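Q: The lines below spell out each chain.
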Amino acid sequence: MATRSFALPILPRARSSRPWRIASVLALLAGAWLLSLLVPSLTDQFPAHWNLGLREAVDGFSRWVTSNRITSPIFVYFFDPLSTGIDAFVRLIENALLGAHWAVIIGITAIAGWLLGGWRLSLGCSLGFFLCGAMGLWTQTMQTLALMNVSVLFALLIGIPLGIACALSNRFDRVLRPILDAMQVMPAFVYLIPVVLFFGVARVPAVVATVIYAIPPAVRLTSLGIREVQPAAVEAARAFGSTRWQILRKVQLPLALPAIMAGVNQTIMMALGIVVIAAMVGAGGLGREVYLALQRLQVGRAFEAGLAIVVIAIVLDRLSEALSRIDLTQLPSRAAGRAPSWVAPLVIAGLTALCVIAFQDAFPGEWQLGLARPVDGLVRWTRDNLFFITRPLSDFITLYLLNPFRDLLRDIAPWPVMVVAVAAVGYFVSGWRLALGSAIGMFMLGWLGMWSQSMDTLSQVLVTTAITVVLALPVGILASQSDVVRRVLRPILDFLQTVPTFVFLVPVIMLFNVGRVPGIIASVLYAIPVGIRLTELGIRQVSPEAVEAAKAFGSTRAQLIVKVQLPLAKPAIALSVNQMIMMVLAMVVIAGMVGGAGLGLEAVIGLTRSETGIGISAGLCIVILAMILDRITQAWAARQR
Amino acid sequence: MLICTDIWKIFGPTPEKAHAALAFQVAADKLSYPDHVVAVRGVSFEVKKGETFVVMGLSGSGKSTLVRCLTRLTEPTAGQILIEGQDVRRMNDEALRNLRRHKVSMVFQNFGLLPHRRVLDNVAYGLEVCGVDRRTRNDRAAQMIELVGLKGWESKYPRQLSGGMQQRVGLARALAVNPDILLFDEPFSALDPLIRREMQDELLRLQSTLHKTSVFITHDFPEALKIGDRIAIMKDGQFVQVGTPQELVLRPRDDYVRAFVKDAPRAKVLTAGAIMSRDLRGRAPNGRTVPSHAPLQALLPMLAEHDAPLTVLDGGTPAGVVDRAAVIRALVEEDVARATGA
Ligand SMILES: Nc1ncnc2c1ncn2[C@@H]1O[C@H](COP(=O)(O)OP(=O)(O)O)[C@@H](O)[C@H]1O
Ligand SMILES: [Mg+2]
Numbered sequence: 001m002a003t004r005s006f007a008l009p010i011l012p013r014a015r016s017s018r019p020w021r022i023a024s025v026l027a028l029l030a031g032a033w034l035l036s037l038l039v040p041s042l043t044d045q046f047p048a049h050w051n052l053g054l055r056e057a058v059d060g061f062s063r064w065v066t067s068n069r070i071t072s073p074i075f076v077y078f079f080d081p082l083s084t085g086i087d088a089f090v091r092l093i094e095n096a097l098l099g100a101h102w103a104v105i106i107g108i109t110a111i112a113g114w115l116l117g118g119w120r121l122s123l124g125c126s127l128g129f130f131l132c133g134a135m136g137l138w139t140q141t142m143q144t145l146a147l148m149n150v151s152v153l154f155a156l157l158i159g160i161p162l163g164i165a166c167a168l169s170n171r172f173d174r175v176l177r178p179i180l181d182a183m184q185v186m187p188a189f190v191y192l193i194p195v196v197l198f199f200g201v202a203r204v205p206a207v208v209a210t211v212i213y214a215i216p217p218a219v220r221l222t223s224l225g226i227r228e229v230q231p232a233a234v235e236a237a238r239a240f241g242s243t244r245w246q247i248l249r250k251v252q253l254p255l256a257l258p259a260i261m262a263g264v265n266q267t268i269m270m271a272l273g274i275v276v277i278a279a280m281v282g283a284g285g286l287g288r289e290v291y292l293a294l295q296r297l298q299v300g301r302a303f304e305a306g307l308a309i310v311v312i313a314i315v316l317d318r319l320s321e322a323l324s325r326i327d328l329t330q331l332p333s334r335a336a337g338r339a340p341s342w343v344a345p346l347v348i349a350g351l352t353a354l355c356v357i358a359f360q361d362a363f364p365g366e367w368q369l370g371l372a373r374p375v376d377g378l379v380r381w382t383r384d385n386l387f388f389i390t391r392p393l394s395d396f397i398t399l400y401l402l403n404p405f406r407d408l409l410r411d412i413a414p415w416p417v418m419v420v421a422v423a424a425v426g427y428f429v430s431g432w433r434l435a436l437g438s439a440i441g442m443f444m445l446g447w448l449g450m451w452s453q454s455m456d457t458l459s460q461v462l463v464t465t466a467i468t469v470v471l472a473l474p475v476g477i478l479a480s481q482s483d484v485v486r487r488v489l490r491p492i493l494d495f496l497q498t499v500p501t502f503v504f505l506v507p508v509i510m511l512f513n514v515g516r517v518p519g520i521i522a523s524v525l526y527a528i529p530v531g532i533r534l535t536e537l538g539i540r541q542v543s544p545e546a547v548e549a550a551k552a553f554g555s556t557r558a559q560l561i562v563k564v565q566l567p568l569a570k571p572a573i574a575l576s577v578n579q580m581i582m583m584v585l586a587m588v589v590i591a592g593m594v595g596g597a598g599l600g601l602e603a604v605i606g607l608t609r610s611e612t613g614i615g616i617s618a619g620l621c622i623v624i625l626a627m628i629l630d631r632i633t634q635a636w637a638a639r640q641r
Numbered sequence: 001m002l003i004c005t006d007i008w009k010i011f012g013p014t015p016e017k018a019h020a021a022l023a024f025q026v027a028a029d030k031l032s033y034p035d036h037v038v039a040v041r042g043v044s045f046e047v048k049k050g051e052t053f054v055v056m057g058l059s060g061s062g063k064s065t066l067v068r069c070l071t072r073l074t075e076p077t078a079g080q081i082l083i084e085g086q087d088v089r090r091m092n093d094e095a096l097r098n099l100r101r102h103k104v105s106m107v108f109q110n111f112g113l114l115p116h117r118r119v120l121d122n123v124a125y126g127l128e129v130c131g132v133d134r135r136t137r138n139d140r141a142a143q144m145i146e147l148v149g150l151k152g153w154e155s156k157y158p159r160q161l162s163g164g165m166q167q168r169v170g171l172a173r174a175l176a177v178n179p180d181i182l183l184f185d186e187p188f189s190a191l192d193p194l195i196r197r198e199m200q201d202e203l204l205r206l207q208s209t210l211h212k213t214s215v216f217i218t219h220d221f222p223e224a225l226k227i228g229d230r231i232a233i234m235k236d237g238q239f240v241q242v243g244t245p246q247e248l249v250l251r252p253r254d255d256y257v258r259a260f261v262k263d264a265p266r267a268k269v270l271t272a273g274a275i276m277s278r279d280l281r282g283r284a285p286n287g288r289t290v291p292s293h294a295p296l297q298a299l300l301p302m303l304a305e306h307d308a309p310l311t312v313l314d315g316g317t318p319a320g321v322v323d324r325a326a327v328i329r330a331l332v333e334e335d336v337a338r339a340t341g342a
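Residue numbers (our numbering), protein chains in the order written: chain A, 1 to 641; chain B, 1 to 342.
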């Protein structure tokens, strides 16, 4: 970099000193600004003729796909049969679930719950399903369940073998890891677009998208579990002449089973996380209910469907978590603790049989709970009575945070200055490599023809993250200090983490109307639990010796926090900031749907109006922004150690 | 039975280059090579059938690496390993697997048990991987479990057992495949002193009937003296001295060995034959005789009883005499060889 040449001639091997580096970066920034004053035609807007033309290429390709769908062998012999197969499979499961008497489904869940965890789990699971039925959503629940089952099954069938391969081969791991990383930062929308292109609109693209979305944890946790098997066990197996396959089957897989089961649990949760998004491309079920209700602003209906999703999520989470807790090395003590008894399952089966005889197949309508109406009333009341809070809040965020910041990034600062500024941040937190990478990323935003949308989105992301951090850190610190706060927070955070992101939007829109603010508030709600949790964890994990020593020297509580716990927890807190930024980025598209403008809006347009080119460009830009911000915050977090 | 010649193990990016430089070229006298760890440096030894060969050295001296090189759990950088005349380093995967399955078994410091298997299935593991059918292997495993005194614990899981019992399982597992050679990598180091002594006695008891050829690694010199027929003292990847316990105690090669020998239980290690005077003239015709391999502690009661010297018999014929003074000198002097001029 040019910035270094100032110091190099004098002291060839010494690193340029800090003032020098700052001075040279400032000089570069000033230079960029000067350039933009001198050549306004070039720097006013990102030059349109530099555009890479990706959009046109993608659109051309998508036209080709549309016109060749029936004739091209790749569709006739690959995508169509695959599509038909998946569709038939989903239908089969769906019909089975819908064909069965509702009591049978609840009974089976209850027995599973009893076998895996005991009567509490059993009761909880059956009540959960019962609630879904009582909200009049039995059919939709079963549809969602069918889609989930198939998607999770495929995700596991693909993910677990990939995870094994990753664990056994470092080379394979090196190849797959960046792909998994990319899959996890990529908003689901981005690959929904090509998936729709290839599979059309219906259940199948929903399954495919869900599978793609849910695979990474299955791969990661399988691989991690196998790699973390005690080396001593593997060595002993080797010493007794086991083949590689024998080691895998008799030692590594059994010992990695808890981790693999945790992967199963994560996979299920991920899959449930995009139920609503999947509905946008034609999956029915609960997701569609939320999506439709959201479009019609029927808060009560959306609330019910959202609640059903949360209930299913909790039931599946607890069931699969109980499954992962079955530790093969602990079996006998469990058996000793609770002798296998068939009384409870028999009782449940008997009750089920009674219900089957007494009630018809459809879930009894007279048990309707009718939550929608009171919720609607509540929301109406809040809207009519709380506007004196919501309006000023919304105005404040828009007028004093969002607008000035967006104007600065998008309109006032010429694009070369932005590029240099971001590169400079990269340079200071890490070095010239990151600076170069960030600069190239920033250029890409322009080359893809999305400069101003990207800057709009960047401003929203930064403002949202700032709000989230400001709220999350104090709460996290508080939770680390007081077990009461922690206990109160826990269910709230649990709830926020399992609610599908769309469900946040409903009340937020009701209160704040459409625009950028509801998107921001939904994103804050989405990102804040992780921020609070990681902050709290970071502080709680500060070595007890250091805390004890500080106490022994008579530190006050405040001194303890400020002088010992916070400094020592800095790396963890920095990491939590990184996570919050990534989660806010994951919400960009959803924010775009409710008037967030920027890249999110472009992505939504791309998906809903089949403007594939725009959608893909916008998606890529989101990924690029995510990568830049991720690398920069990661490097910054690493410096805190 | 087991012959090792000039074994090297170097960890690092280019071990062959490092080996060439350290072993043959100008740097041959150098101890280290940049960016590499020389764990084993040109070690040679031979273990005879039925013999227990102990490798004693401090932590980090390369013992674990050496013993893992023998069956190529760690691939040696250079050297030759012959087991019953077969060159281990030339074996293909299949032959190597068969060696590990049938000929050589290992007992580990941290037990290396499989936590998800019951004791019985752990002991049967070696048989299972060679494809022995369930009934046969379970019978054999049950026998081994009884042999190490764990009858009744077959269907427990390892974590339900104490450390000493876990290592009994490790021992049973190694014996189950009826190997010709047993390798022990500090098998008792993780145990409490009392349990450790109990396990040492257990091993000696088993060895007195089984006579397995063994390589036994330890960092505990008293343990080496107790278990070993011959002992190699290892330091920085090399053998400093190899000999019987008595040879080490009587003639430590340098100060390093002397430091270990200093606190050796001389009364147990030294024998009548080693300290006797060959001058038979002072021999008392009183019929008080001892065999030459008797440890000094066996002589003490007899000498306490009566002042007259004892006649040492070697193969039934008188070979020398020991008197009180000689025994006392041998017990207190650090370097008997120096004192007696032998
Ligand atoms: N896999 C490895 N990679 C690099 N160095 C190693 C490895 N294994 C052992 N070493 C080094 O080799 C030396 C000998 O180790 P080891 O054989 O475990 O000693 P011991 O068993 O006598 O304590 C040590 O310095 C250790 O750090
Ligand atoms: Mg060792």
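Mixed in with the good hints, there may be bad ones.
Sample of chain A residues with no beta-carbon within 10 Å of chain B, all distances over it, derived [unchecked claim]:
(1) Asn149
(2) Glu235
(3) Gln246
These stretches of chain B come out as covered by chain A in the derived footprint (C-beta under 8 Å, 3 or more residues) [as the list claims (entries may be wrong)]:
(4) 120-133
(5) 184-196
Ranges between beta-carbon positions, derived for each pair [as the list claims (entries may be wrong)]:
(6) A:Phe553 with B:Tyr256: 44 to 54 Å
(7) B:Glu198 with A:Ser482: 42 to 52 Å
(8) B:Lys17 with A:Ala23: 51 to 61 Å
(9) A:Ala23 with B:Tyr256: 37 to 47 Å
(10) B:Ser162 with A:Asn95: 25 to 35 Å
(11) B:Gln160 with A:Arg487: 51 to 61 Å
(12) B:Ala190 with A:Val484: 57 to 67 Å
(13) B:Glu94 with A:Asp181: 47 to 57 Å
(14) B:Ala190 with A:Ala23: 38 to 48 Å
(15) A:Phe553 with B:Gln160: 53 to 63 Å
(16) B:Leu58 with A:Val547: 49 to 59 Å
(17) A:Leu568 with B:Ala190: 26 to 36 Å
Calculated directly from the structure, the hints in this document are not laboratory data. These numbers come from a predicted model, not from an experiment. No residue lacks a Cβ here, since even glycine has one placed at the ideal position from N, Cα and C.
Q: So, for every hint listed, does it hold in this structure?
A: Do the hints match the structure? See the list:
no., hint, in the structure
1, Asn149, "29 Å, holds"
2, Glu235, "6 Å, violated"
3, Gln246, "5 Å, violated"
4, 120-133, "holds (count 5)"
5, 184-196, "violated (count 0)"
6, A:Phe553 with B:Tyr256: 44 to 54 Å, "46 Å, holds"
7, B:Glu198 with A:Ser482: 42 to 52 Å, "51 Å, holds"
8, B:Lys17 with A:Ala23: 51 to 61 Å, "46 Å, violated"
9, A:Ala23 with B:Tyr256: 37 to 47 Å, "60 Å, violated"
10, B:Ser162 with A:Asn95: 25 to 35 Å, "57 Å, violated"
11, B:Gln160 with A:Arg487: 51 to 61 Å, "35 Å, violated"
12, B:Ala190 with A:Val484: 57 to 67 Å, "43 Å, violated"
13, B:Glu94 with A:Asp181: 47 to 57 Å, "40 Å, violated"
14, B:Ala190 with A:Ala23: 38 to 48 Å, "60 Å, violated"
15, A:Phe553 with B:Gln160: 53 to 63 Å, "44 Å, violated"
16, B:Leu58 with A:Val547: 49 to 59 Å, "37 Å, violated"
17, A:Leu568 with B:Ala190: 26 to 36 Å, "33 Å, holds"
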